Structures are given as structure tokens and as C-alpha cells.
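For the sequence shown, position 886 matches number 886 in the numbering used here, and the numbering has no gaps at all.
Do not rely on the hints blindly, as some may be mistaken.
Straight line, CA to CA, 25 angstroms or less: simulated DSS-like cross-link-like pairs of lysine-lysine [said to hold, decoys possible]:
{"#": "1", "residue 1": "K666", "residue 2": "K826"}
{"#": "2", "residue 1": "K120", "residue 2": "K71"}
{"#": "3", "residue 1": "K756", "residue 2": "K826"}
{"#": "4", "residue 1": "K130", "residue 2": "K120"}
{"#": "5", "residue 1": "K826", "residue 2": "K71"}
{"#": "6", "residue 1": "K302", "residue 2": "K443"}
{"#": "7", "residue 1": "K816", "residue 2": "K890"}
{"#": "8", "residue 1": "K892", "residue 2": "K962"}
{"#": "9", "residue 1": "K756", "residue 2": "K666"}
The following label-pair restraints were derived from C-beta to C-beta distances [as the list claims (entries may be wrong)]:
{"#": "10", "residue 1": "V132", "residue 2": "A963", "range": "50 to 60 angstroms"}
{"#": "11", "residue 1": "R267", "residue 2": "I619", "range": "34 to 44 angstroms"}
{"#": "12", "residue 1": "A817", "residue 2": "A963", "range": "23 to 33 angstroms"}
{"#": "13", "residue 1": "L153", "residue 2": "G926", "range": "29 to 39 angstroms"}
Everything labelled a hint here was simulated from the structure, so no lab data went into it.
Keep in mind the model is a prediction, meaning the values are calculated, not measured.
C-beta atoms are modelled at their ideal positions from N, C-alpha and C, and glycine is treated no differently.
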Amino acid sequence: MLTKRRPKTPGTPLSDALRSVDAGGPGRRAFLKAAGVTAGGLAGLGALGGGMMRKAGADSMMPGVERVLRKNVCTHCSVGCTVVAEVQNGVWVQQEPGWDSPISQGTHCAKGASVRELVKGERRVKYPLKLVDGEWTRVSWEQAIDEIGARLLAIRDTYGPDSVFWLGSAKFSNEGAYLLRKFAAFWGTNNVDHQARICHSTTVAGVANTWGYGAMTNSYNDIQHSRCLVIIGGNPAEAHPVAMQHMLRAKERNRAPWIVIDPRFTRTAAHATEYVRIRPGTDIPVVWGLLWHIFQNGWEDKDYIARRVYGMDAIRAEVAKWTPDVVEQVSGVPAEQLLRVARAMAENKPATLIWCMGATQKTVGTANVRAFSILQLALGNIGVPGGGANIYRGHTNVQGATDMGLDVSTLPSYYGLAEGAWRHWARVWDVPYEYMLSRFGSKELMEAKGIPTTRWFDAALAEAGELDQPNPIRGLVVMGHGGNTVTRMPDMLKGMEKLDLLVVVDPHPTSFAAVRQRRDGSYILPACTQFETDGSRVASNRSVQWGQRVVDPIFESKDDYEIMYLLARRLGFADELFKHIKVNGTNPVPEDILREINRGCLSTGYTGQSPERLKLHMIYQHTFDRITMQATEGPLKGEYYGLPWPCWGHPEWRHPGSPVLYDTSKHVMEGGGTFRARFGIEREGETLLAEGSFSKGSEIEDGYPEFTMAVLRKLGWDAELTAEERRVIELIGGDNIDDVSWATDLSMGIIRIAIKHGCLPYGNAKARAVAWNLPDPVPVHREPIYSARPGLVGDFPSYDDRRDFRLPLLNHAVQKAALEADVPSKFPFIYTSGRLVEYEGGGEETRSNRWLAELQQSMFVEINTGDAERLGVREGEYVWVVSPEDGRAKIKALVTDRVGPGVVFLPFHFSGFWQGEDLRGQYPPGTDPFVLGEPANGVTTYGYDPVTCMQETKVTLCRIEKA
């Protein structure tokens with residue numbers, strides 16, 4: 001929300017921040033001159049008075065000094081835009097977009113255009129800090145590591161390894177994410193997580209349980225092949241702006257219908273040919289309503305379903321209940337509009353379905369994703385260019401960090417936590433399985449899902465008997481994650497008070513460090529940004545890109561690899577952790593970490609993307625086609641940009657990567673694929689394998705199971721193994737070599753032979769419309785826990801209470817209590833939240849960027865015009881947003897019809913205020929972000945997806961009061 005101000009108006013949040021800069025650094029005039037914001041731009045925005053405006057400009061290039069160009073990847077959203085840095089004398093002087101990048105094609109959004117400011121770092125943490133009696137005190141790295149290590153070991157000795165929670169980051173490179181997951185394993189816990197838990201864990205569970213892999217099937221560029229675009233629960237115009245160019249081209253070149261389904265009229269909806277406003281939390285009724293029309297009119301792809309889909313008849317039975325009048329009654333979508341959308345999808349194929357966190361951050365998040373996937377299967381839109389389930393990830397490397405197993409439920413590459421998975425990774429790490437087992441409290445804990453980031457504070461507050469582990473959480477180590485990103489923040493603050501140790505590792509102090517309740521036992525370690533180190537990251541489309549260090553770490557900051565090495569050395573397991581990773585002094589070599597990833601991540605095909613290949617892709621970006629992403633000339637001809645996984649086999653095989661998952665029109669060595677066989681070969685007398693469907697060039701012209709040594713022997717192909725491949729298989733299998741699978745064969749011989757015969761090593765199965773291992777095998781509508789329609793709760797109750805992730809999960813109990821307390825009448829507004837183009841995630845980083853701080857200076861709540869008039873609330877006035885669970889936030893009102901009557905919207909990027917109190921003074925001096933605001937999660941409530949423990953941020957209830 002941009003607030004127009006007259007010249008010399010005092011007291012804006014930004015001017016308050018600038019006063020703090022005056023106290024410790026350059027004067028106001030010098031600061032604003034360096035800020036580089038155009039006078040015209042500021043005048044147009046009215047953000048500052050005329051006397052404060054200065055001409056824009058990057059730092060001047062120094063004549064006669066060598067200019068070095070270095071390529072890296074924007075560290076904000078997951079589009080993967082290339083940043084070209086111009087460096088002189090070790091200083092990042094100027095920045096250009098990557099004109100050769102086939103993804104970003106010379107474009108940046110506001111955040112990407114200003115990433116150089118992250119490295120200039122005025123508001124960065126400059127040296128290690130320790131909280132002493134409520135005051136932040138400078139300490140040396142040596143003292144900080146020694147004291148933190150001693151405290152961690154004391155917690156371990158007293159309470160066990162599970163009493164420390166390791167919270168990682170989607171800001172990590174692949175190598176950093178992998179290293180922290182490995183670090184947690186050597187520490188002896190599965191209590192390790194990152195941002196995917198609160199953005200796309202439900203996507204991974206939903207799509208992986210439908211057709212095999214938990215990832216975007218196509219790519220941003222491939223959307224240009226689409227003839228119909230449907231976006232549900234996503235707002236790429238603000239969240240993924242550079243991706244919009246590909247979508248707009250599809251709309252214009254193909255005359256493609258563009259349908260946006262959302263409770264709020266977003267900036268993306270402004271581009272739509274059809275905007276569908278729904279009641280928050282009714283995604284499944286709307287999707288089933290679309291399928292009702294598709295089935296009723298015979299628009300489904302019957303041949304595709306027969307050959308490649310299991311269980312669609314059960315979907316038909318559920319969909320039959322969702323007649324147009326029922327859908328309208330539950331969701332608010334008019335019947336005739338739903339018919340138009342269904343017809344548009346059926347008559348304009350291939351159609352792409354795009355979603356983001358508006359769909360996933362719900363108690364029914366996994367079921368939502370499954371419903372979306374089933375809709376695309378019914379229309380035959382999966383495994384085809386221009387179709388797909390296109391999932392827009394939030395942070396730079398959410399996809400990669402998830403792939404690397406930075407997660408409470410799996411080891412790297414989605415191997416899970418069973419003994420076989422641990423034995424595989426023990427072989428990769430070259431340590432005895434028994435050693436790994438000895439690091440854990442027990443074998444049961446070693447194989448049990450950990451406590452997720454959405455509920456670490458419940459584990460800190462737990463009483464005896466409430467936790468399925470020996471003791472509560474006593475220590476929290478946070479690397480690259482904000483504290484304002486979890487729901488139920490009042491409870492989170494209580495949990496923080498219980499901690500013996502809090503360690504924040506970040507370029508910025510984050511909201512964790514500004515909590516006034518803590519007086520001692522907290523440390524901040526200055527991590528550098530990803531522009532100050534090397535490593536790879538994965539865009540949403542699974543393309544892996546190598547980011548080159550632009551400059552050395554500034555101030556006293558260190559990169560993630562070195563910080564983990566120093567901690568591991570102090571904790572006593574550095575030699576084992578880095579056994580096959582070269583360490584120069586105290587600096588691990590990221591290329592070696594990636595080579596270890598290549599060695600072990602067989603199950604996702606993370607084996608062909610060697611450091612050398614990835615670096616060549618960055619050099620030869622100009623040779624890749626801007627729609628297909630395939631190199632058309634030069635030394636990489638035929639390869640797809642970033643070698644999107646799966647990229648099978650050793651790098652020397654030169655597999656090109658897989659641009660469209662499950663595409664049977666291509667040979668496996670051309671990036672083709674089938675649906676993955678993960679769930680057996682038959683169920684209840686029906687085959688789970690594909691029927692008459694196979695990838696181009698396959699010698700098995702039908703469905704087949706995943707490849708094991710037993711399958712090779714049955715086919716007579718085992719004779720094609722080399723002596724070395726057989727030796728490795730025999731070492732792994734011992735007396736049971738038939739059980740060695742393609743995913744555990746470190747020789748990659750089984751994969752090599754499967755591909756040689758044109759087969760996918762993971763098999764050729766049907767996608768599952770019915771997922772019998774999930775709480776709802778067929779997705780069903782369930783009302784939000786805090787439903788605005790209590791009359792519907794009886795027919796569509798929330799999930800039954802259960803225990804999972806080591807904690808009780810009480811969705812049904814909380815929903816019942818809310819109805820008994822008559823919460824809907826006392827809290828009459830539906831609360832939802834979302835993203836702004838200027839800021840990212842918890843916002844500490846972007847609100848500390850002076851370029852972006854100019855653009856968005858206030859936290860706000862969008863209130864419908866009619867509701868504001870009824871409440872007597874005017875534009876720009878402060879209101880209290882009050883939740884049913886003791887949360888409250890004082891926020892400016894933005895009166896708008898973007899939200900419908902009875903709905904309010906809050907952006908989730910703010911912190912630094914708490915229930916009306918300014919916490920600026922709690923930050924370490926000189927590190928407070930320019931812009932502060934109340935956190936949206938200060939008023940969110942209880943609710944978790946039972947499959948992933950995803951939190952509910954998109955639909956709860958609240959009350960609006962004039963402040």
C-alpha cells in the first residue's frame with residue numbers, strides 16, 4: 001500500500017529508519033543520494049517529500065580498472081533469473097539482468113533488480129553477537145562457536161540429540177541444504193526442516209502420491225505451448241513476475257483463455273479472460289464442479305485414462321455429488337461460470353494448471369493438490385508440452401532444498417527414513433550403518449518422522465507424555481529462516497522463552513532475534529548471502545543452475561559451508577561429515593559436496609548434473625531455445641537448460657535432462673518418461689501398471705515395475721552388467737542381490753541397462769486417482785477449522801484427531817470447540833494472506849533493502865468497501881485485527897474491492913511490531929529493517945494438514961475493530 005505524503009510530513013516508517021542510520025553512519029543526504037531512486041519515480045509514488053528526492057544511479061565504474069563479469073542466480077523467488085555482476089577490485093559495482101538466460105531473458109522484477117543491495121549490506125549483521133542480559137554484545141567467531149558447541153553438547157548429554165531442532169533454509173544452495181540434512185543425521189536427529197514445510201510440502205505429498213515425483217511437471221517457458229491457462233491459489237504477477245512473460249505470450253500468441261480462481265481479485269486476475277471468485281477454502285468443490293461438467297459432457301480423455309490412470313471411477317462417484325447447485329451453495333461460484341471454465345479447458349488443450357501457496361497452505365492442502373492433479377489427468381494434460389501441473393515455488397531453492405532431504409520425513413532424494421534408506425546413505429557417506437545408528441537415541445527415533453517447523457514451539461512447550469520423543473525441544477539453531485513465518489505466533493513466543501539456546505545464522509538478524517522475551521542464551525552468527533559463495537540452486541522447473549561467487553563475504557560473515565564445518569568440528573564429527581569433501585582450511589569445497597550428491601541421489605536422477613556440466617550451461621546460456629529450453633547449437637546441443645532432473649546416470653552419459661516429466665513421446669535418453677511405479681503392480685485385482693502406454697523406443701511395450709536385480713535377471717539383461725557393476729551390486733546386496741534396486745545400486749549399472757533398452761529405471765505405471773495410503777484416498781471437501789459456515793461443518797468436518805510428527809494433531813477437537821464457543825458470530829471476517837511484489841518470505845531481508853523499502857512502507861489489511869463503510873473505517877486508518885486465539889495486530893486499513901464482502905487480506909512479509917508495540921529497539925544496533933510492521937501470523941490460528949503438518953494460513957476467522 002503506497003501512502004501519498006506531502007513534502008516535509010514527518011514520522012513515516014522509512015524516515016524513522018533513516019534517523020537510525022543518521023545516528024551511526026552517513027548523513028541523511030548522503031544516504032538518500034546513495035539510495036539510487038529516481039526523482040520521477042518517487043514523485044509518482046508520493047512516497048517521500050520532494051526535498052528528500054535524489055537522482056538514481058549505480059556506483060560509478062572506475063576508469064582503467066579491470067571489470068570482471070560474474071553470473072549468479074537471483075536469491076528471491078524460484079523462477080531462477082540470472083544476475084550478471086560487474087566487479088572491480090573485489091567490489092560489486094554494477095548489475096545487469098542475464099540477457100542470455102533462457103528463463104529470465106533479460107528481465108528482473110523489483111526484488112531481482114535490487115539484489116546488489118544485499119551485498120552492500122548496510123543493515124546486515126556484521127560480526128557474531130551474543131545476548132547478555134538483554135543486550136547484544138559483540139564476540140569473536142572463536143568464542144561464539146566454542147560457547148554454542150558447549151551448550152549444544154550439554155543439551156545432548158542431558159536431554160538427548162532430539163532436543164535440538166535444526167531449522168534450515170530454501171535460501172541455501174543445494175550443497176548447503178544437503179550439508180545441513182547430513183549434519184542433522186550425524187548429530188542424531190530427524191528434527192530438521194526448512195521453508196517447504198510452510199509452502200509446498202503438501203504439493204510434494206500430493207503430486208508424488210499421484211504419479212511419482214513431487215515437482216513441477218513442465219516449465220515456465222513451456223507454458224508458451226499452452227492453449228488454456230488456469231491459475232488457482234497463485235498470484236504470479238506479484239509472486240513470480242518474470243514468469244508472467246511466458247504466460248502472457250501464451251495468452252497472446254495462442255489466444256489462450258486465462259482463468260484465475262481466487263478469493264481475491266489479484267494483479268494476476270487483472271490479466272485474466274475469466275476471474276472466478278471463490279469462498280476461501282473451497283478449492284475441492286470448485287475442482288469437482290469442473291469435473292462434473294467434464295464427465296457430464298464426455299469431455300474427459302477416455303483413452304488416456306484407460307491406459308495411464310488408476311481409480312478414475314471412484315473419482316466419478318465423488319464428483320457426481322457436486323452438482324452445479326451444490327458447488328454454488330458451498331463455494332459461491334455461479335453454475336454458468338463453472339461451465340464456461342470447464343468448456344474452456346476441454347476445448348483448448350493442452351491446458352496448464354498453475355498453483356501456489358493459496359492452494360497448499362491449508363489443512364486440506366494435500367487433498368487440494370491431489371484434486372488438481374486428477375483434473376489434469378482426466379483431461380490428459382500430464383506428460384504433454386503445454387499441459388502439466390505447474391507449481392510455482394516461493395523461495396529461490398525450495399525445490400532443491402526439498403530434493404536434498406532438508407525435511408523431517410526423509411533423507412536426501414526422497415529415500416524416506418526406513419533402515420534401507422539409512423543403509424544406502426551410510427554407503428554413500430562411507431561410514432558404517434552402526435555408527436549412524438549410534439548417533440541417535442534409538443533405532444525407533446532414527447526411523448521416525450521428526451517434529452516439523454510448523455510445530456517446533458509445541459514441542460518446546462510440551463508436558464511429559466505429550467511428545468513421542470524423550471524430552472522437549474531445548475535448543476533451536478536457525479539458518480536462513482524467519483520467526484514470523486509460522487502460524488500461532490503468540491504460542492511461538494512462549495516456546496522461545498523455554499529454550500536454553502537460540503542460534504540465528506543469517507545475513508540479517510530476522511524476527512527471531514527481535515523477541516523481547518529472551519534475555520540470555522541467544523547468539524547471532526553472520527552468514528553471507530548466496531552472492532558471496534558458490535553453489536547450485538534449482539528453479540521450480542527442476543533446472544539446476546550454478547551460481548558463481550561474486551565477491552568475498554563482507555564484514556565478518558562466513559558462508560553456510562564454513563559455519564557448518566566449524567560447528568561440526570566443535571561437536572566432534574567433522575572428520576566423518578566431510579570424509580569425502582575437501583576442506584581448504586575451514587572452507588569446504590561446494591563442488592565436492594555436489595559430487596557426493598551426484599553419487600547418492602539416484603532416485604531423482606540428480607546424478608548427471610556435475611559441477612562441470614552446470615558451469616558450462618551458465619557459459620553457453622545463449623545457445624538454448626527460449627521456449628523449448630533445448631540447446632540448438634554449440635557444445636551442449638541437444639541438452640535442456642539446467643539439466644532438469646531426472647538427469648540419468650553418470651555425467652559422461654550426457655543425459656540431456658527431462659524438460660517435461662512423464663512425456664512418453666520422447667525416448668528416455670531424450671528426456672522422455674512414464675509415470676513412476678512406486679506403489680506395487682496391482683491392487684484389488686486391478687493392474688497398477690500402464691496398459692499399452694510406454695515411452696518412445698521402449699523394448700517393453702507395456703507397463704513394467706521398477707527395475708531391480710531380480711527384474712534384470714528375469715529379463716535376461718543381467719548378463720550386460722560389467723564386472724565392476726556386478727561387484728558393487730554384490731557388495732550392496734550380500735546374500736540378497738535380487739533386492740538391490742536401481743535406486744540403491746551405486747554402480748548405476750541397473751539404470752544403465754534399463755535405459756539401454758529404452759526403459760525408465762523407475763518403471764512404467766498408472767497415475768493414481770485413488771491414493772489409498774492417504775487420509776482421504778479420494779479427495780473430499782472439508783470445511784476449515786474456523787469455518788464461516790458452521791452449518792456446513794456437519795457435512796464436511798475437519799480431519800479426526802490423531803498423533804503424528806511426534807505430537808497430537810487436534811483439528812477436529814479445535815473445530816468442535818470453535819463451534820461450541822460460537823466463534824463465527826464473534827469473529828465474522830474470513831482472514832486470508834498472500835504476497836507482495838516488493839517483499840519476500842518473512843521480509844527481513846527485503847525490508848532491509850533501501851530500494852524496496854521506498855516502495856512499500858506499511859503493513860496493511862485489505863477490507864472490502866462495503867465492510868469498511870459499515871464499520872466506519874476509512875482508508876489509511878489503523879484498525880485492530882483480532883483472532884479467536886488471542887492474536888491481535890494493529891494495522892492500517894486499505895479499503896478496496898479486491899477482496900469480497902466478509903473477507904480481509906494481509907500480506908505476510910512484516911515483523912518488528914507486536915500487538916501495537918514497536919520492537920525496533922530489540923534488534924542489534926544498525927540491523928533493524930527500514931520498514932517494520934505487524935506480522936500476519938500474529939493472528940493466524942490452529943490447523944494442520946494431516947499428511948505433512950502444513951499450517952493453515954489462507955482461511956481462518958478474525959474480527960476488525962477500529963483502533
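Comparing the hints with the structure gives:
1. K666 to K826: Measuring from Cα to Cα gives roughly 58 angstroms; hence the hint is violated.
2. K120 to K71: Distance of about 17 angstroms is within 25 angstroms: holds.
3. K756 to K826: 66 angstroms, violated
4. K130 to K120: This hinted pair holds, its Cα atoms lying about 24 angstroms apart.
5. K826 to K71: 54 angstroms, violated
6. K302 to K443: Distance ~47 angstroms between K302 and K443 Cα, so the pair is violated.
7. K816 to K890: With a Cα-Cα distance of about 29 angstroms, the restraint between K816 and K890 is violated, given a limit of 25 angstroms.
8. K892 to K962: Holds - the C-alpha atoms of K962 and K892 are around 10 angstroms apart, at most 25 angstroms.
9. K756 to K666: 14 angstroms, holds
10. V132 to A963: 50 to 60 angstroms: 36 angstroms, violated
11. R267 to I619: 34 to 44 angstroms: 36 angstroms, holds
12. A817 to A963: 23 to 33 angstroms: Taking Cβ atoms as reference, A817 and A963 lie about 29 angstroms apart, which means the hint holds.
13. L153 to G926: 29 to 39 angstroms: The hint (29 to 39 angstroms, Cβ to Cβ) holds, given that L153 and G926 are roughly 32 angstroms apart.
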